[in-house]
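All chains should be modelled from the sequences, with the hints used to inform the complete structure.
Following the working numbering, the numbering of the sequence shown begins with 1 at its first residue and continues without gaps.
You may find that some hints are simply not true.
Unchecked claim - Taking lysine-lysine and the DSS-like style, the derived pairs with C-alpha atoms no more than 30 Å apart in a straight line are: (1) 115 with 183; (2) 61 with 15; (3) 61 with 115; (4) 64 with 12; (5) 183 with 152; (6) 115 with 152; (7) 15 with 64; (8) 15 with 152; (9) 64 with 115; (10) 61 with 12; (11) 12 with 115.
To be verified - Distance ranges between label pairs, derived from CB positions: (12) 63 with 164: 26 to 34 Å; (13) 184 with 111: 16 to 24 Å; (14) 125 with 27: 30 to 38 Å; (15) 168 with 225: 19 to 27 Å; (16) 91 with 45: 17 to 25 Å; (17) 95 with 164: 51 to 59 Å; (18) 224 with 18: 29 to 37 Å.
No lab work stands behind these hints, which were simulated from the structure alone. Beta carbons: idealized from backbone N, C-alpha and C, even for Gly.
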Amino acid sequence: TWEGGVRGAWSKDWKWNAGVFTSTLTDDIQFISSGNSFNLGYFQNVGETRRQGVELGLEGKVEKLHLSANYQYLEATFRSPVTFHNEANSSADANGNYTAQSGDYLPNIPRHSLKLRAAYDFTENFTVGVNMISNSSVYARGDENNADVNGKVAGYTIFNLDANWRFHSNWSSFVRVNNILDKDYSTLGILGTNAFTGPGRTLNADPDQWTSEQFQSPGSPLAGWIGIRYEFGVPKSTGASSVDLD
1 TWEGGVRGAW
11 SKDWKWNAGV
21 FTSTLTDDIQ
31 FISSGNSFNL
41 GYFQNVGETR
51 RQGVELGLEG
61 KVEKLHLSAN
71 YQYLEATFRS
81 PVTFHNEANS
91 SADANGNYTA
101 QSGDYLPNIP
111 RHSLKLRAAY
121 DFTENFTVGV
131 NMISNSSVYA
141 RGDENNADVN
151 GKVAGYTIFN
161 LDANWRFHSN
171 WSSFVRVNNI
181 LDKDYSTLGI
191 LGTNAFTGPG
201 RTLNADPDQW
211 TSEQFQSPGS
221 PLAGWIGIRY
231 EFGVPKSTGA
241 SSVDLD
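Okay, structure coming up:
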């Protein structure tokens, strides 16, 4: 593993950072499906995989407005041929086997990730913020050769809202709302067989239509929290009514 980076400041209010990294795994371990089940199988050493990319960051403020942005480009690939088994993969042979070649992308790892945040201090003790999380599309597990007809699991962008009010030196309250637009999205996928039709067969017996499915893990829906927080070790305020007796 190698990493390198730089960071600096354009002014007292704006900072930036940039980094590059690469990590090569020898005898990486991957899950290999067995039989006609995509959930049963075993783990096996499969040769080399590599994850490398770039990270960029920027943060600063304009008066009471705080802004930040973080971006990552990640290339996660097989570096040696690996034979997998999944009868649900449309490109598999008659025995359900297929081969991921060097350069094929690892499943369920987004190539692009972006996080943005904006927060505004309405008062010294009351702040409201919103952040955006965006990930690009991913290949499903079972599509290690990146050739299944179902294609990728779609990328997504969600927005979260938060607010914090410190009403005492030790006490604060917060509100957090995730996925404020209640977006329907999935975070990962896995190829599997339709239990009613079987791999490569349809209810109307059309041989040209592949009916094995790309099962997807749904992302979290709209959800909210309200809470109160106490911080230990913070000096207690003497209060506005304190009197200097000297």
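Hint by hint, here is what the structure shows:
With a C-alpha separation of about 17 Å, the suggested pairing of residue 115 with residue 183 holds against the 30 Å cut-off. Restraint check for residue 61 and residue 15: satisfied, since their Cα atoms lie roughly 10 Å apart, inside the 30 Å limit. Between residue 61 and residue 115 the CA atoms are separated by roughly 16 Å; this keeps the pair inside 30 Å, and the hint holds. A distance of roughly 14 Å separates the Cα atoms of residue 64 and residue 12; the hinted pair therefore holds under the 30 Å criterion.
For the hint linking residue 183 to residue 152, the alpha-carbon distance of about 18 Å falls within 30 Å, and the restraint holds. At roughly 22 Å between alpha-carbon atoms, residue 115 and residue 152 fall within 30 Å of each other, so this suggested pair holds. Note on residue 15 and residue 64: the hinted pairing holds, with a Cα-Cα distance of about 16 Å set against a maximum of 30 Å. For the hint pairing residue 15 with residue 152, the CA-to-CA distance comes to about 36 Å; that exceeds 30 Å, so the pair is violated.
The suggested pairing of residue 64 with residue 115 holds, with an alpha-carbon distance near 20 Å, which does not exceed 30 Å. Between the alpha carbons of residue 61 and residue 12 the distance comes to roughly 10 Å, so the proposed pair stays at or under 30 Å and holds. For the hint linking residue 12 to residue 115, the alpha-carbon distance of about 23 Å falls within 30 Å, and the restraint holds. Distance hint check: the CB atoms of residue 63 and residue 164 are about 19 Å apart, inconsistent with the given range 26 to 34 Å.
A beta carbon spacing of about 22 Å between residue 184 and residue 111 agrees with the range 16 to 24 Å that was offered as a hint. Against the hinted window of 30 to 38 Å, the Cβ-Cβ separation of residue 125 and residue 27 comes to about 54 Å, which falls outside the hint. Checking the proposed 19 to 27 Å range against residue 168 and residue 225 shows it holds: the Cβ atoms sit about 20 Å from each other. At about 24 Å, the CB distance of residue 91 to residue 45 agrees with the hint of 17 to 25 Å.
For the hinted restraint 51 to 59 Å between residue 95 and residue 164, the CB-CB distance of approximately 57 Å keeps it satisfied. Between residue 224 and residue 18 the CB atoms are about 35 Å apart, so this pair conforms to the stated range of 29 to 37 Å.
Against the hints set out earlier in the document, violations occur for numbers 8, 12, 14.
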